[in-house]
Amino acid sequence: MGLKKSLTAEEGDDIKKSLDFLSEEMTAVKLQQKAILNLVEEVKALRIQNAEKDRSLAFLESRVADLEQCARINDVIITGLH
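The sequence shown begins at 500 in this note's numbering and counts up by one.
These are computed hints drawn from the structure, not numbers from a lab.
Beta carbons: idealized from backbone N, C-alpha and C, even for Gly.
Check each hint, because a few of them may be wrong.
[To be verified] Label pairs and their calculated CB-CB ranges:
#, residue 1, residue 2, range
1, 506, 547, 50 to 60 Å
2, 533, 505, 36 to 46 Å
3, 565, 543, 43 to 53 Å
4, 543, 564, 53 to 63 Å
5, 539, 565, 34 to 44 Å
6, 524, 553, 35 to 45 Å
7, 535, 573, 54 to 64 Å
8, 572, 533, 58 to 68 Å
9, 539, 575, 28 to 38 Å
10, 545, 513, 39 to 49 Å
11, 514, 535, 49 to 59 Å
Take the sequences, apply the hints, and build the full model.
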């Protein structure tokens with residue numbers, strides 16, 4: 500079947516260096532992934548907060564329009580004066 504080959508010390512060192520490098524890269528990727536996930540959660544929270552503020556703004560705009568309408572009802576309009 501397969502032929503077994505013994506590793507030289509140099510090949511073993513190269514493999515170890517490669518594994519160390521990959522391990523460091525994986526650690527860096529995990530840290531970046533964690534930061535990204537935290538930012539995604541923050542964006543979700545900000546979107547919810549923004550939607551709540553939009554609803555509040557719409558309610559307040561409606562309330563102002565109603566109050567302005569009530570104020571106009573009590574206005575006296577005089578016409579026909581020269």
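Which earlier hints can't be squared with this structure? Hints 3, 4, 9 and 11 not satisfied by this model.
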